[in-house]
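*Asks:* Sequence:
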Amino acid sequence: CSYNRIIRFCFLTCNYRIYCKKKINPMFLNCTAHELTQDQIKLAREYADKILDLKADNTDLHTKLVNCPPDVLVIQDLVRELLFYLQTKYDESQTRLTVHLPIGSPAFMAVFFMKLDRRTLPFRIVFSHSDRVSVDERQADGSIVKRAVFKFVKFIEI
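To convert, take the position in the sequence shown, counting from 1, and add 43; that gives the working numbering.
Honestly, the hints are just simulated from the structure, not real lab data. Check the hints yourself; a few may be wrong.
As the list claims (entries may be wrong) - Restricting the straight-line Cα-Cα distance to at most 30 Å, the calculated cross-link-like pairs of lysine-lysine (DSS-like) are:
(1) K194 - K98
(2) K132 - K107
(3) K158 - K107
(4) K197 - K85
(5) K93 - K189
(6) K98 - K197
Said to hold, decoys possible - Across the chosen pairs, the derived CB separations fall in these ranges:
(7) F156 - N110: 17 to 25 Å
(8) R175 - V117: 44 to 52 Å
(9) D160 - G185: 29 to 37 Å
(10) M152 - T102: 15 to 23 Å
(11) F127 - V176: 19 to 27 Å
(12) S186 - P69: 47 to 55 Å
The C-beta atom is built at its ideal place from N, Cα and C for all residues, glycine as well.
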């Protein structure tokens with residue numbers, strides 16, 4: 044009887060230790076060409092405490108993406124490179140990865156979504172939604188310059 048108690052205690056204790064060692068590390072990865080605004084950072088913290096910028100984490104990949112090539116074969120290679128990078132981050136985050144897009148050209152994003160298999164890499168994807176506000180700025184010479192200011196509203200999750 045006491046032998047069974049010891050075995051049960053050991054089993055529960057060992058499982059508890061294994062469970063505690065497996066740390067979940069949710070991550071919000073900004074893959075856009077721009078740094079996050081304070082409003083975006085505040086809302087991104089609802090997805091994860093760890094906010095990572097592609098530009099800071101993988102400068103080479105970020106540079107290639109913001110200067111997206113016009114060649115579809117090179118775009119396909121770049122998509123594979125980004126997907127490999129995202130798989131690594133997905134694994135690091137223990138499957139709790141949120142990716143903020145877009146990046147690259149519209150052609151790049153089209154190929155990216157064609158190649159992305161959400162069954163094997165089911166991370167969250169969010170896009171920023173902003174309101175465009177037109178601002179009139181009076182210049183020193185009296186003329187007025189109209190400028191568009193984009194005010195972040197929310198993330199749209201797809």
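*Asks:* Confirm or reject each hint.
*Replies:* Okay, the hints, checked on the actual structure:
1. K194 - K98: Roughly 22 Å between the alpha carbons, so the hint for K194 and K98 holds.
2. K132 - K107: Between K132 and K107 the Cα gap is close to 18 Å, so the pair holds against 30 Å.
3. K158 - K107: Judged against 30 Å, a Cα distance of about 18 Å means the pair holds.
4. K197 - K85: 11 Å, holds
5. K93 - K189: 38 Å, violated
6. K98 - K197: Holds: K98 and K197 sit about 22 Å apart, inside 30 Å.
7. F156 - N110: 17 to 25 Å: Since the Cβ atoms of F156 and N110 sit about 20 Å apart, the hinted range of 17 to 25 Å holds.
8. R175 - V117: 44 to 52 Å: Since R175 and V117 have Cβ atoms about 32 Å apart, the given range 44 to 52 Å is violated.
9. D160 - G185: 29 to 37 Å: Violated: the Cβ-Cβ distance is about 58 Å, outside 29 to 37 Å.
10. M152 - T102: 15 to 23 Å: This hint holds: roughly 21 Å between Cβ atoms.
11. F127 - V176: 19 to 27 Å: 39 Å, violated
12. S186 - P69: 47 to 55 Å: With a Cβ separation near 50 Å, S186 and P69 satisfy 47 to 55 Å, so the hint holds.
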